[in-house]
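The primary structure of each chain is shown beneath.
Number of protein chains: 2
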Amino acid sequence: MTRFFLPPDALGGNFAVLTGENASHAKVLRLKTGDRVILCDGASTDCTGVISDVSPGQLGVVIEKRIVSPAEPVLSCTVYMAYAKQDKFEHVVQKATELGAMELVAFPSARCVSRPDEKSIAKKLERWQKIAASAAEQSGRGRIPSVTTAQSYAAALARAAQADFPLFFYENEQTRTLHDALGAAVRGTVSLMTGPEGGFEPSEADAALAAGMAVCSLGPRILRCETAPLCALTAVMYAGGQL
Amino acid sequence: MTRFFLPPDALGGNFAVLTGENASHAKVLRLKTGDRVILCDGASTDCTGVISDVSPGQLGVVIEKRIVSPAEPVLSCTVYMAYAKQDKFEHVVQKATELGAMELVAFPSARCVSRPDEKSIAKKLERWQKIAASAAEQSGRGRIPSVTTAQSYAAALARAAQADFPLFFYENEQTRTLHDALGAAVRGTVSLMTGPEGGFEPSEADAALAAGMAVCSLGPRILRCETAPLCALTAVMYAGGQL
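One line per chain: the protein sequences are A and B, in this order.
Heads up: the first sequence begins at 1 in the numbering used here, then just goes up one per residue.
Heads up: the second sequence begins at 1 in the numbering used here, then just goes up one per residue.
Because the hints were derived from the structure by calculation, they are not lab data.
There may be inaccurate statements among the hints.
Heads up, the list lumps identical chains together, so a pair's fine if it works in one copy or across two of them.
In the DSS-like style, the derived pairs of lysine-lysine whose C-alpha atoms are separated by at most 25 Å in a straight line are [stated by the list, open to error]:
no., residue 1, residue 2
1, Lys88, Lys130
2, Lys119, Lys85
3, Lys124, Lys85
4, Lys130, Lys85
5, Lys65, Lys32
6, Lys27, Lys130
Construct all of the structure, not just a fragment, from the sequences and the given hints.
Structure below.
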């Protein structure tokens, strides 16, 4: 069933209206009166309904049932990924949304080749948020992950360290595995912090440790900067009983 | 350290020669006399050595030490992925190589939109194998995963079912999770079978069950056909103590 995200206040009654991009999307899909859809408030409530009316630029939907979205994981994982070249962050936004991330944060790091300025960041954020919304619709999420940026490496670290499981993946970490860092059970909030193309500087790993992050490895193979966050997210979801 | 794959018989003595693509790659990287490199036989032996001679089109390397490649996982995972549109299989070859897959097998399935003919398959296989080799070099693998195709769905199923853990991921599976299918410990050989863009037909899932595959889900979210195999591979590697 096609899923549309609407603001919560548009879903308060027994009838809702699809407009704007939602209406355009419905038109592309050739949805018609009688078709069933899911309207989601982006806060884990799914409303199932039936299209009752198709007009130019808008569709009416009679809401039948409200349920807690079954696709939201119990774990709240935030992906902190250093700015990367090309469209790697876009790739990670799309896949991490499918894999159940709650939030993505891009941050600057010493070896980042990509150093977008403020104007470029604003444009990128808009694009990334659209990719997250589209991936959330397609994968059946009950939330659209929020995509933000941290002003500095220190700011990203300070935020990431507040999670119940603040994980920092460092390719030079030789002994401590992800399994070691998670221990017997993982629950609550998880931060997953990964570096740019060239990896983290040793001084950055020291700062992470000092900030209270659990520095660990993702195995003996060197993962690309766009592979590491998705590998970490998947492993944590599995460890947390979500797969 | 830069890694080059050479045929095992080129690594029998105390001196080896980089030629062809390896020599071109070394030139691009501007490697020079005295630089250290790793020469790998593709069968889990890494030879560390020093470049002793740089000539047009070839480089001499003095081999110093042979070790068992530290980056090969204990688990032997084969990814069976249905033919997919665009470059999705290429993406999976690259990432699955980083994540430690032993082999990749592309196969036809009822809902495949992509149906390459024999000539096109031969070309694709050559390209896929090159991507695997390049990803193996970059990620520090001791083996290049082999990339093959299965002639039919039935042939893919028959091969996949022979593994110690033959896993079939079906989006309509509601109750059995990957965790259920793996049980307490995963070791030996693992098959990971995932469908095309539109998913598997119910009759294909029935056939998988009849062939002895463990039909299970990858969670409540709908994953893209290129996300599912990598999610499954990562989770299995974590479950098998490889992360």
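A quick look at each hint next to the structure:
1. Lys88 to Lys130: both (15 Å within a copy, 21 Å between copies)
2. Lys119 to Lys85: Within one copy, since 17 Å is at most 25 Å while 35 Å is not.
3. Lys124 to Lys85: Close inside one copy (13 Å), not across copies (27 Å); limit 25 Å.
4. Lys130 to Lys85: both (19 Å within a copy, 23 Å between copies)
5. Lys65 to Lys32: within (20 Å within a copy, 69 Å between copies)
6. Lys27 to Lys130: Classified as within: same-chain Cα gap 19 Å, cross-chain 42 Å, threshold 25 Å.
Of the numbered hints given earlier, the model fails none.
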